[in-house]
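2 protein chains.
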Amino acid sequence: SEKLKRFPGLFWQTVWRVGRDDPRRVVHALKVGLSLTLVSLLYLLEPLFKGIGQNAIWAVMTVVVVLEFTAGATLCKGLNRGLGTLVAGSLAFFIGYIAEKTGHVFRAVFIGTAVFVIGTTTTYMRFFPYIKRNYDYGVVIFLLTFNLITVSSYRVSNVLKIAHERFYTIAIGCGICLVMTLFIFPIWSGEDLHNSTVIKLEGLAKSIEACVSAYFNDVEKETTQEKSSEDPIYKGYKAVLDSKSQDETLALHASWEPRHSRHCRYPWQQYVKLGAVLRHFGYTVVALHGCLQSEIQTPQHCRILFKDPMTSTTPSKSQPRLFLGSNKNQATNM
Amino acid sequence: SEKLKRFPGLFWQTVWRVGRDDPRRVVHALKVGLSLTLVSLLYLLEPLFKGIGQNAIWAVMTVVVVLEFTAGATLCKGLNRGLGTLVAGSLAFFIGYIAEKTGHVFRAVFIGTAVFVIGTTTTYMRFFPYIKRNYDYGVVIFLLTFNLITVSSYRVSNVLKIAHERFYTIAIGCGICLVMTLFIFPIWSGEDLHNSTVIKLEGLAKSIEACVSAYFNDVEKETTQEKSSEDPIYKGYKAVLDSKSQDETLALHASWEPRHSRHCRYPWQQYVKLGAVLRHFGYTVVALHGCLQSEIQTPQHCRILFKDPMTSTTPSKSQPRLFLGSNKNQATNM
Chain W
326 SEKLKRFPGL FWQTVWRVGR DDPRRVVHAL KVGLSLTLVS LLYLLEPLFK GIGQNAIWAV
386 MTVVVVLEFT AGATLCKGLN RGLGTLVAGS LAFFIGYIAE KTGHVFRAVF IGTAVFVIGT
446 TTTYMRFFPY IKRNYDYGVV IFLLTFNLIT VSSYRVSNVL KIAHERFYTI AIGCGICLVM
506 TLFIFPIWSG EDLHNSTVIK LEGLAKSIEA CVSAYFNDVE KETTQEKSSE DPIYKGYKAV
566 LDSKSQDETL ALHASWEPRH SRHCRYPWQQ YVKLGAVLRH FGYTVVALHG CLQSEIQTPQ
626 HCRILFKDPM TSTTPSKSQP RLFLGSNKNQ ATNM
Chain U
326 SEKLKRFPGL FWQTVWRVGR DDPRRVVHAL KVGLSLTLVS LLYLLEPLFK GIGQNAIWAV
386 MTVVVVLEFT AGATLCKGLN RGLGTLVAGS LAFFIGYIAE KTGHVFRAVF IGTAVFVIGT
446 TTTYMRFFPY IKRNYDYGVV IFLLTFNLIT VSSYRVSNVL KIAHERFYTI AIGCGICLVM
506 TLFIFPIWSG EDLHNSTVIK LEGLAKSIEA CVSAYFNDVE KETTQEKSSE DPIYKGYKAV
566 LDSKSQDETL ALHASWEPRH SRHCRYPWQQ YVKLGAVLRH FGYTVVALHG CLQSEIQTPQ
626 HCRILFKDPM TSTTPSKSQP RLFLGSNKNQ ATNM
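These protein sequence lines are chains W and U, in that order.
All you need for this note's numbering is the position in the first sequence, starting with 1, plus 325.
All you need for this note's numbering is the position in the second sequence, starting with 1, plus 325.
Keep in mind that the hints are not guaranteed to be accurate.
Chain U residues, not near chain W, derived (Cβ > 12 Å throughout) [as the list claims (entries may be wrong)]: (1) R331; (2) P333; (3) S360; (4) A384; (5) L408; (6) F452; (7) T470; (8) D567; (9) L630; (10) F631.
Cβ-to-Cβ under 7 Å is the rule here; a few derived chain U residues that face chain W [claimed, not checked]: (11) F336; (12) T339; (13) V343; (14) L355; (15) G444; (16) T445; (17) T448; (18) L468; (19) S570; (20) T574; (21) K598.
Which bits of chain W does chain U cover? Going by a derived footprint, with three or more residues having C-beta under 8 Å, they are [stated by the list, open to error]: (22) 349 to 357; (23) 380 to 389; (24) 470 to 479; (25) 498 to 506.
Just so you know, the hints here were simulated from the structure itself, not pulled from any lab data.
What you are looking at is a predicted structure, and each value in this text was computed from that prediction instead of being measured.
Don't be surprised by glycine CBs; every beta carbon is placed ideally from N, CA and C.
Bound conformation, chain W alone:
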């Protein structure tokens, strides 16, 4: 019951912290709510409903599934979805066309076989590294749409009409998603990638600085060792170490964003490479940190001997900021 009593407090604390850490999350939540309401109007308003009918459901589905946090992620998912649906539709009609020429029983066998073969090969293709990285979602949608159309075309005759009507509502859903993601408080993956790279560089610089100062002034070492999670050295390199998958996802989504490709292909892959180098540097900082915590230590009077050359070559906090700061402005203004 003690835990239950504390639950509302913890809950509101989480609500507040999630919003404070990144206020864009609140904006994104409002955008989703607004898009869903707009799409529901297709259904709720009498005149619009008469034209579109039951198929408004598909607009709702598109908005829920496609609208993502960043513009790049939304575009990537939307295009994957569109491409998957188109390819699946074409293939399903082709197979339906062949099946139509044959008898009723043979037709069922033919459709069953096609479902098995396409299902198996498509699922297997999802394991190919290139497809998994770029088109995984599109392949799932392809499989889904192909099965829905093939199976329902066996009983329903006017599949083409249904597909035609659905296409319009899906296009409306996609349109709302595009407007929301590109024009109303857009959130860019590329900006996130840039900022996280800046933060990682700064964190590493702080770590190195803290390492050097801890090595040469070991008076207060005993007190900091206890609370290792608040150690400035650990705090500096923590974000760098496991950043690989996040970097790669951001770079993938950023490459879909139209903002930078007007002038030139913005080199997002270079950020991924820079991230790999930063991680490698981070590993060395971890090793340095381990040296500081080991039991066998160099006596203080030896350390003094190379204090001056060391402290003069250590990067100051402001250096990485200078290094990437100008680029940062460039990137956000371009």
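Since the structure of chain W is already known, use the hints to place chain U on it.
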């Protein structure tokens, strides 16, 4: 055209390599194909079709979306989906019940407001770390189902009947997924997690061994430096460094698998902790590797002095295998 000529060769090479790396992928692809064919039979066979009708579509959808590579992932997704659908259905009926009491125009405004509020709060809740980690998919399904039911209940009167019919077909789809994932060549996340931990331990041991041997016999150093991707030291620790997210996903899915929880709660989180320790050790190996590649080197006659104590304490290749080998058999036989 040179590239186009080589494409079929590259394609078949990828097909072959993907299957050889993990033959369970072929099994999984066949399982998906078989499940889809079984579900299509609901539609293709006359007697079954009469009972189920158009709703067979939902069984197809369930199989495509829920059936995942490992048993844990399938269970996690299926339960998330079921839970999300149930909660969304209850809430939608509650809101529909309130809306029914009011006039036609006010009802539309009420439904629109509900869609906006639920859409915004649900999307915001997806950013909570606890929900993102465990129930992200369930929350998306909740939002989707809630909107579909609320919006369509405004026009259609027999929503309860539709929901009832759909429930059966979704249950059939889930049943096929469960049988396929748990009883026909099951693939366990827990086993994957255990095996990857064993492989990482062995890789680190090989790296350390290679480091020590490279340090004391630098005759062949020049030749190995060129092809750094085939360097045995790099090959050993490569898999360890970026394993965090993979470990956590496998442990999360493994905790859903029923196999081990019969006897006791199997400590999957301990594997995650062991993985963190292994990564930390891996960072030290990276630093050691860096020392081997640096320009300033200890002369060979100094190295000889501590060769014997070093080589006697280095783990041999067989040691980690012994350490986890017995556990491995325990885990697979349990």
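**OP:** Identify whether the interface hint at T574(U) stands, where standing means a beta carbon of chain W within less than 7 Å of its own.
**Re:** violated (10 Å)
Original post:
With d taken as the least Cβ-Cβ distance between L408(U) and chain W, does d exceed 12 Å?
Top reply: Correct as stated: the minimum Cβ-Cβ distance to chain W is 17 Å, above 12 Å.
**OP:** Classify the hint on K598(U) as holds or violated, based on whether any CB of chain W lies nearer than 7 Å to its CB.
**Re:** This interface hint is violated because 15 Å lies over the 7 Å limit.
**OP:** Report holds if the minimum CB distance from A384(U) to chain W is greater than 12 Å, and violated otherwise.
**Re:** violated (10 Å)
Subject >> Hint status (Cβ of V343(U) to nearest Cβ of chain W, threshold 7 Å) >> reply: Check passed: Cβ of V343(U) comes within 5 Å of chain W, closer than 7 Å.
**OP:** Answer holds if the nearest beta-carbon of chain W is closer than 7 Å to that of L355(U); otherwise answer violated.
**Re:** Interface hint status for L355(U): holds (6 Å vs cutoff 7 Å).
Subject >> Minimum Cβ-Cβ distance from S360(U) to chain W exceeds 12 Å >> reply: violated (8 Å)
Original post:
Per the CB criterion, is G444(U) less than 7 Å away from chain W?
Top reply: At 4 Å from the nearest chain W Cβ, G444(U) passes the 7 Å test, so the hint holds.
**OP:** Using 7 Å as the Cβ threshold, decide whether L468(U) counts as touching chain W.
**Re:** holds (5 Å)
Subject >> Agreement of hint T339(U) with chain W interface, Cβ distance less than 7 Å >> reply: holds (6 Å)
Subject >> Evaluation of the interface hint that places S570(U) against chain W, nearest CB under 7 Å >> reply: holds (5 Å)
Original post:
Does the claim that T470(U) lies off the interface hold, with its Cβ farther than 12 Å from every Cβ of chain W?
Top reply: Contrary to the label, T470(U) does not stay out of reach of chain W, its closest Cβ about 9 Å off (not over 12 Å).
Of the numbered hints stated above, those contradicted by the structure are hints 3, 4, 6, 7, 8, 11, 20, 21 and 25, listed in ascending order.
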